[in-house]
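Build out the structure end to end from the sequences listed, making use of the hints.
Number of protein chains: 2
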Amino acid sequence: MNLQITKPRRGRPPKVSRENQDTKAELIRSGLEQLTESGFASSGIDQILKKVKVPKGSFYHYFASKEAFGQAVIENYANYFANKLDVCLLDESYPPLTRISNFVEGAKIGMIRHQFKRGCLVGNLGQEVDLLPESFRQQLIDIFHCWEHRLANCLKAAQLQGDISKKANCEQLAECFWIGWEGAVSRAKLVQDTKPLENYFNHFIAALPR
Amino acid sequence: MNLQITKPRRGRPPKVSRENQDTKAELIRSGLEQLTESGFASSGIDQILKKVKVPKGSFYHYFASKEAFGQAVIENYANYFANKLDVCLLDESYPPLTRISNFVEGAKIGMIRHQFKRGCLVGNLGQEVDLLPESFRQQLIDIFHCWEHRLANCLKAAQLQGDISKKANCEQLAECFWIGWEGAVSRAKLVQDTKPLENYFNHFIAALPR
DNA sequence: TACATAATAGACTGATCGTCTAGTTAATTG
DNA sequence: CAATTAACTAGACGATCAGTCTATTATGTA
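Protein sequences appear in the order of chains L and G.
By numbering that gives the first Met the number 0, the letter at position 24 of the first sequence is numbered 23, and the numbering carries on one by one without gaps.
By numbering that gives the first Met the number 0, the letter at position 117 of the second sequence is numbered 116, and the numbering carries on one by one without gaps.
Note that these hints are calculated values from the structure, not bench results.
All values derive from a computational prediction rather than experimental measurement.
A portion of the hints provided could be inaccurate.
Which copy? The list can't say, so a pair holds if one copy fits it or any two copies do.
What the hints assert, rightly or not - Calculated lysine-lysine pairs in the DSBU-like style (CA-CA distance at most 35 Å, straight line):
no., residue 1, residue 2
1, K194, K52
2, K52, K165
3, K165, K50
4, K50, K83
5, K49, K65
6, K165, K155
7, K165, K55
8, K52, K116
9, K116, K165
10, K155, K65
11, K155, K23
12, K166, K55
Encoded structure:
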């Protein structure tokens, strides 16, 4: 599995050895951590670089600006999250509503693992969108639509199995779920407890039309 | 203990009577605008001062630090908001559930008036609480409790009138409302539309146990 | 071998940040 | 009046911000 025998790097070698050969991916990964904890405006490039011991010159070799970097980080997170959603919501070994519950359980575990310091990148940036380059707005809106679509499909599956009413508007329910979910994540961060996620989810499930 | 009478103070008298409320109150008002739009970390003192044309040197005469200033702004907002809630939720000329709807309508109008640039101060600061002085956390949690309490009372009134089930847990419902509400405000800011507030509220009302 | 290019390296710029101190202005008293 | 003291302010301070610049060292290609 470990084919590190890839081509030798071109260019000047790093002074300190890095774990990853792919500096750009390392920067995005580090940026994802930082932005998920601190948002965009409050995250300094220097700090992101420091964590992976990459000099500043390299940053502007790989990214045209902080804005371009931010977009790359968002895109990376969107892909990661969409995949996570698919893993949960398309898992046919569970009934549809249980799959949603599985997603919530995963989120709870994740927040505990990061000691409630990391929320949702999309929610964080959505909050500060007015301070950000305008290009971020549509990017974030599109991501929410993507999530809504995936959740709506899962709800429709529940509908087919008769777990929720045939008359339910699954798209609208999915939209409502994510709207409130961001509030729940934010609150969980604030009180440093998973209860808000739990309460919110239970309320959502109980409110589904049967 | 009380021997301050024996020695009459010389020099320019302190403005104990006025405490120069003008300048200080102006700073808090300007800070409220700024922090509601940009959060705490991204709000510069200079900009807040500039808007009310108070020189920079004066800031640290009125406030010990940016942290202390932030706390004053939060307190101010909490009072303002609690009062707004009381005006809506205690208005007995409407049935209880309609009072909640009135609050939501007011929020929608407010967001339109500020062109979706201002969200909820408590929600904003809750999002970035890990970057803030630790004292902010409990302050924000307490404010949410205050809101929960007020909303729970209104829901109980609805219960008495038979609008919702006697078995409903009003405290928990109220908690859920505010958890999701912050997400709805954030989303409304993002998409620059009141629909998220509307959808969220409709879903909440429809989900109440009857 | 020669040259172009990829990548690292980090000092540097100018702006802005929160904070602080040394000062000025004004009111009161001896 | 002059001394005293509080109210208030101007501007300096070091830190840090995003971003630029030049130099250096490696590989790829001709």
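| task | Could you tell me which of the hints above the structure violates, numbers in ascending order? | result | 1, 2, 3, 7, 9, 10, 11 and 12
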